[in-house]
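Chains as they are written, first to last, in my numbering: chain A, 15 to 563; chain B, 2 to 190.
Read the hints as simulated data drawn from the structure, not as lab findings. Be careful, since some hints might not be right.
To be verified - As a list, the in silico DSBU-like pairs of lysine-lysine whose alpha-carbon atoms are at most 35 Å apart: (1) B:Lys-61 with A:Lys-213; (2) B:Lys-151 with A:Lys-213; (3) B:Lys-90 with A:Lys-418; (4) A:Lys-323 with B:Lys-61; (5) A:Lys-110 with B:Lys-90; (6) A:Lys-323 with B:Lys-93; (7) A:Lys-323 with B:Lys-90; (8) B:Lys-151 with A:Lys-475; (9) A:Lys-213 with B:Lys-182; (10) B:Lys-90 with B:Lys-182; (11) A:Lys-323 with B:Lys-76; (12) A:Lys-213 with B:Lys-76; (13) B:Lys-93 with A:Lys-418; (14) B:Lys-79 with A:Lys-213.
Just so it is clear, the structure is predicted and the values come from calculations on it, not from any experiment.
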Amino acid sequence: MNIEEIKKKVVDSQIWRSMFRGGVWHNTPRDRAQHIIGNVWLHLHPAKLRKRAVDWTYTWGLGGLSFGLFFVLTVSGILLMFYYRPTVDLAYQDIKDLQFVVTTGQFWRNFHRWAAQLMVLIVIFHMIRVFLTGSYKSPREFNWVVGVILLLLTLLLSFSGYLLPWDQIAIWAITVGSNMASSTPVLGAEGPFTIMNLKNDARFMLLGGTYVGEAALLRFYVLHCIAFPFFAGVFMIVHFWRIRKDGFSAAPMDLKDKNEDKVDVWPNLVVREYMMAILVTAGLIALSIWVQAPLEEIADLNVTPNPAKAPWYFLGLQELLVYFDPWIAGVLLPNIIVVGLMAIPYVDDNPAGVGFYSIKERPFANTFFIFGCVVWFVLIAIGTYFRGPNWGWYWPWEDWLLHKPPPLPTWSIPNLIGLLLMGAYFGGGIVVPRIIKSEIPFKKALWGGLGAITLAAVAFKFVGSGLIEKWSGFPMEWGQVIWIIFSLGLYYILGILVPQKYIRTIAWPRYAISMVFLLMTIGVFLKIGLRLGFNVKYIFSLNQFGFNI
Amino acid sequence: MDEINPSQPVNPTPPAQPIPAVPAPIPTPLAQPIKRRDFLWTAWGAFAAFLGASAGAMGKFMLPNVLYEQSQIFKAGKPEDFPLGVSTKLTKDHRVWMVRTEKTLYAFWARCTHLGCTPNWFDAENRFKCPCHGSNFSIQGDVIAGPAPKPLNRCAIALLPTGEILVDKSILETRPGFREKKQFQIELA
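From just these sequences and the hints, can you work out the full model?
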């Protein structure tokens, strides 16, 4: 018997036929459709898609990659679980065993670590892609919300896994992270208006103790290996089901070409998916062979490494913690970001720009979103590359042994003035763009406004510096004048001119919500400027309640 | 129009039952018929209450009643063991700094009031610096720089009849004026 005959015998056998239905493959359109519909794994796809929807440069395969990474993380995670025991005495030792004793143990640990970091990155890119192509618009609003929940679960999975190696960076990242729970208003022992103590507040519930110890390690292990993957699975099912029902990465119908060709998903899309999966897996394998996952000394609660840096995707948050009290930076802002992301599809009622990248059809939405992403990644870059011992500012080329002078003392703006400033900031930003009903010449207003701001700032240098010196003890310098020009300019352009031009006519509730989120985003940036440029600690402060802004 | 308006919802519950012509022999309050709608409201309400209570019970389940943690109270040696200035020799075992001034001795919990990292003492600069977000504290525990919202915590401290120091980390005080009370510092003769 030759190979062909054996193949025929196998394929025609009852066993094979019972496993793979469908009969002899003729490569007809019917066969190709049947291949998708008749397969439990592939029938998540439709049988045919518009040609534009399968372009590489449309989706970049990011959603599929996110799931692919979740899958390989599950596999490598299960492998690691065979050797890992989540107790304070054994955990670190087991990681060492994986690295030095277990065959390919080091490889699987590296693979799990790098795949996890890549997944965070890919999920974020997926979100950015979906935003920029307007793919969250009706009827797909709710699937965007599910996507935000999945992003959150991805971050939680990564965060909970961070503790398990039980080395110094693990325990300190989780200590800082869980202490943020403690600064929750009312429910955290150290938050504003608290009604709790250290032994019943939100952090205690998370850790099962008053510090990151045995109970916390076990809890994070269970959350990481069972609870979070379970919830991620549940929401992924909803996410995928709705993607399928809403026509996949739907490129909506082209009104100019209503008879636009559709292509068979098999092989056009499925092959692309396989290609992406293979490329990324190969890259990950190479990375895991050449780059070792870091492991520091064993955890020690009494010695904090200097500097103690969170994983890179939380370094933006950690950098924010320098400028705001923990209840704002660690609780309020993350919640606002999540709620704000979820609100996007319900606030943005501009029907244009679905299915392609366009700044022209969605000028306000895309400008705002890109600005937010840039701020976020700038903060991450600062935390990663510009922070050294004692969280001092070190340029990337500077040696960390270099001695830095201690930071200047901070001062707070008097409450009344701070309140007026914030009122003017939010009130002006919300009211002004709306009450100017007519179109104003954008370029003229831009340069005129910036000129006026510059003049005012320079004038303030000569008139107001006495006031600043009285409060802060320091005279005003030219660097600070530049800070003022930059901050006010940003507020003027992004907070007033752009919304005036593009969204002044939308309905009141939508307008107000958009503006509040926009002004808060810019406001975070301005508060950073106040701290770095002027050493301002608080704009408004009720110290006895722990309520400081 | 004579037609029945189809958009008019049909009331699923008939109007109150007409009282039967034959009077009931002994009318009791229990004999009042319960409406189907009321019954369903009660049932769903009970179910919701059950779910709420279960969630609460699960929440309480997550709060352990017994902690297997290090004791918060420990003996710290004698006052003579600590020279003038900040001593970091108890940091490793108890996470406490002992500070001795000319006339007093007090103990800091070595935990930054910002997000709980352990600051380091710098003798030359005469200040504590936190490695996590750069908070600086004076030797009195007051915030000099950085994001910390409150001064360092001082622990309750007492001199035992044996001459030893007893430190209790479960009783803490940050406020000036209160932290100088007898409970939080030992007056040295």
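Task: Restraint status (C-alpha distance of Lys-90 of chain B to Lys-418 of chain A at most 35 Å) - done: Between Lys-90 of chain B and Lys-418 of chain A the Cα gap is close to 26 Å, so the pair holds against 35 Å.
- [ ] Mind checking the alpha carbons of Lys-61 of chain B and Lys-213 of chain A for me, to see if they're no more than 35 Å apart?
- [x] Holds. Lys-61 of chain B to Lys-213 of chain A sits at ~12 Å (cutoff 35 Å).
Open item on the list: Tell me if the straight-line CA distance from Lys-323 of chain A to Lys-93 of chain B falls inside 35 Å.
Closed with: holds (21 Å)
Task: Pair hint Lys-213 of chain A and Lys-182 of chain B, alpha-carbon separation not exceeding 35 Å - done: holds (25 Å)
Task: Pair hint Lys-79 of chain B and Lys-213 of chain A, alpha-carbon separation not exceeding 35 Å - done: Satisfied, since the Cα-Cα distance of roughly 31 Å is no more than 35 Å.
Task: Straight-line alpha-carbon gap Lys-213 of chain A to Lys-76 of chain B, limit 35 Å - done: holds (23 Å)
Open item on the list: Lys-151 of chain B and Lys-213 of chain A were given as a pair; does the straight-line alpha-carbon distance stay at or below 35 Å?
Closed with: Distance of about 20 Å is within 35 Å: holds.
Open item on the list: Between the alpha carbons of Lys-151 of chain B and Lys-475 of chain A, is the straight-line distance 35 Å or under?
Closed with: Roughly 33 Å separates the two Cα atoms, so the pair holds.
Task: Lys-90 of chain B paired with Lys-182 of chain B [C-alpha distance capped at 35 Å] - done: Within the cut-off at roughly 25 Å; holds.
Task: Restraint status (C-alpha distance of Lys-323 of chain A to Lys-76 of chain B at most 35 Å) - done: holds (34 Å)
TODO: Sort out whether Lys-90 of chain B lies within 35 Å of Lys-323 of chain A, counting only the CA atoms.
DONE: Distance ~26 Å between Lys-323 of chain A and Lys-90 of chain B Cα, so the pair holds.
- [ ] Compare the distance between the alpha carbons of Lys-110 of chain A and Lys-90 of chain B with 35 Å, and conclude whether the hinted pair is satisfied.
- [x] holds (30 Å)
Checked against the numbered hints given earlier, this structure breaks none of them.
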